[in-house]
Amino acid sequence: MADFSDPFWSGFAPPSGWVEVPSADAAIRAWGPAPETEDDEAPQTFHCPQCGAHTAYDPTKGKLSCSHCGYEEARSASQARVRRGEFTAEALAAGERGWGVERQALHCGSCGADIAVAEGQLSASCPFCASNQVDLRAVAGEALRPQHVIPFALTTEEAGAKAAAWLGGRWLHPANLKEVANVDRFRGVYLPWWLFDARMEVDWECEVGTVTTRTYTDSSGRRQTRTTVKWRWKKGQLEAAYDKCPVPGTTKVRGLGRVGTFPMNQLQAYDPALLAGFGAHAYDVSLPEAWDEGRHLMRTLTAKRCKAAAGGDRQRNLSLSADMEDEAWTYALMPVYVSAFTFRGRSWVVLVNGATGHVGGQRPVAWWKVYSVMAAAVLPGVFVGVCIGLPGLLVAGLGVAVLIIAMVMLIFGLVVAGLTYTSAVAEEAL
Amino acid sequence: MSARLTVDMEVQGRKPLACDACGATFLGGGGEVCSACGAGMLEAAEVHALGEPERHVPDGLGRTGVEKALVSSVSAVRYRTAQLAVPTLMERAQLSWWPLWMVDGELLGTWRGRAGTDYEVQSSREVLQGGVWVTKPHIDTRIDWVDRVGQVRTSYDNVIVTALRAHDRWAERLGGLDGARAVEGEVGQGVIRLPDRHPREARPGAEAAFHRLAARQAHEALGSDHLADVVIDGSLRQEEWTWLLVPVWTTWYDDDAGERRALWVSGVTGRVWGPRMASQRKGLYWAALWVVLGLGCLAGSVVVGLVGIVLWPLLLLAAVGGLLGLLLMVLALVPVLTPWRHNRTQAAMTP
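Line by line, the protein sequences are chains A and B. Per the working numbering, the very first residue in the first sequence carries number 1; after that it's consecutive. Per the working numbering, the very first residue in the second sequence carries number 1001; after that it's consecutive.
Calculated directly from the structure, the hints in this document are not laboratory data.
Derived, one-sided and incomplete: chain A residues facing chain B with beta-carbon distance under 8 Å:
| # | residue |
| --- | --- |
| 1 | Pro14 |
| 2 | Ser23 |
| 3 | Ala24 |
| 4 | Ile28 |
| 5 | Trp31 |
| 6 | Ala303 |
| 7 | Ser319 |
Each residue gets a CB set at the ideal place from its N, CA and C atoms; glycine is no exception.
With the hints as extra help, turn the sequences into a complete structure.
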């Protein structure tokens, strides 16, 4: 061991917050940044320091606020350094384990009650004292904790207004839907998302076709057009980079694909205060499962880029080999308002993107309107063909041109009817 | 050793000498060829020197090894100069000892750098073939870098620093001038070349060498897989500067023009360096011989051709003879061009 009593050793001040690290040599001393501690795992209860009532995150003010006395506490975006996760054996194992319990107990730090919350629930409001609780202890050592969060930017009222406008927005729904559907009881909930980064170094090869159209006169003197495709092999390399490619981390809420994209520039380091007053769910889609989907998404986009890079009028027989580099994952919580309403004895789900206000979900369809439109689209063609074309052909031999026009009208009507029907079905499905 | 050596002083039985051509300084008997430039002679002179020999790298060649090295080097030269012969070169070969500084000292200071720890991640290669995606997983090793700062207080002995300004150039030419396999004790025969870099001038190099050693020591002390971008802000104390000597053989010959050319042979690696000149005169002699032979063939073919007017089958022999004569005259260019081309590459080899 070195004799650190020598004045030389005391003449050095390491940067603030750094701690001495072990050295196996008495001639060398070393310091490094203090290890990061995850002190947000302890259960947190959000109380007003003025009146003791509970506080919750207010999306309009971007602050914790007390609904009782009006106290506000600013929450600046956390400057904490958030490390992206990588696909180490430990992360994959933790990401696969997920939540090991079906239900967990959340101990209220305010009144002492034990609240039973559903599997994967990170936050709750105590039914006895109404205090807002956020607890990550159940996750510690068992599964991955959220690293990022996009805070709610809309209030419940704003979400409800957007949902109401959305419900009355199209002609094919019942006229009274907006009034009948009760979508006031929106619940703000943070839902888990996996965000993936990666770079792909790609070697590709494909056949590129150049289309040539030639007009010529045939032996009977008629003008003809001939289209030929000349194929040639082409190869190349490209680098594709993907940043925060999103994959939903839950299967509990259906229709998440309809809430649009989340503004990734609003991602903040995880702060339990942002969850106060809202529900929050941990992932139930494991990291390996989500990465399979994320990777597939990247592969598909990369294949499209390769085709675009190949150029030409057409491409076929694309083959490629892509080395994945710098793969990383982030576990983030995204704000979504969820509501359901009953109509015609059936339950319908409405989702509102808590950051952008984009609305998605199910809307009941007035099927009589849909069938009327379909009939109106098809009938003109049938009428022209049956009532004008056929008689004209039989009586005067002049109906061929009319029959052709009727056929075109019928095909057009069938296309419109088909599109209307699929659109209506999609409106009701989730 | 004192900094000033007068002509009447001796060190290890050697007198102070200086080259009458390049001014390089030595310790030796006098009358030797200068092993620095290969052109001048060493004469008694007052010289300045600091330090004294502490270790040396033993001569691994001896005269036999030098002869072998010269044979393989010289035999490759075609139409070589008359004096570029191994017996002549061996007769003139002399051993000299070239110096490196060996520094003992203590380094005190602070350091900073980045410590890296290896970790493994799962990665993959994605292959699309025939419309089907295949994932080929593999393990990648990445490095987790963390900043580090610290203090260092350590001593090193015999840190080697160059003592000749042209050392790096010579190390590139001869190799093995790095002092590996050094032993203690006095050197035997041969002149000792004196450093031409004062410790003042060599000090930055010594500090850099100490810093490199300290960085390596810090790496081992931290036990990390990597330590990069190490910067040491420190000073040297209690320095001692002595010499490490490495063996270099020198010999010489006169080329066609009577100009003295030197060859150097590393006593460590056996590598030979120096201009090995070909003789343009010898080349011209051989070319003339070929031309005469060619002309002879042409003349003979003319005579045979005249006879062939009467005895026509001889015309064929005359034609063959004529072609042979022309060929010999064309080939006469080879002994002219070979030394010329060879000497173009050798002439630039000046110390």
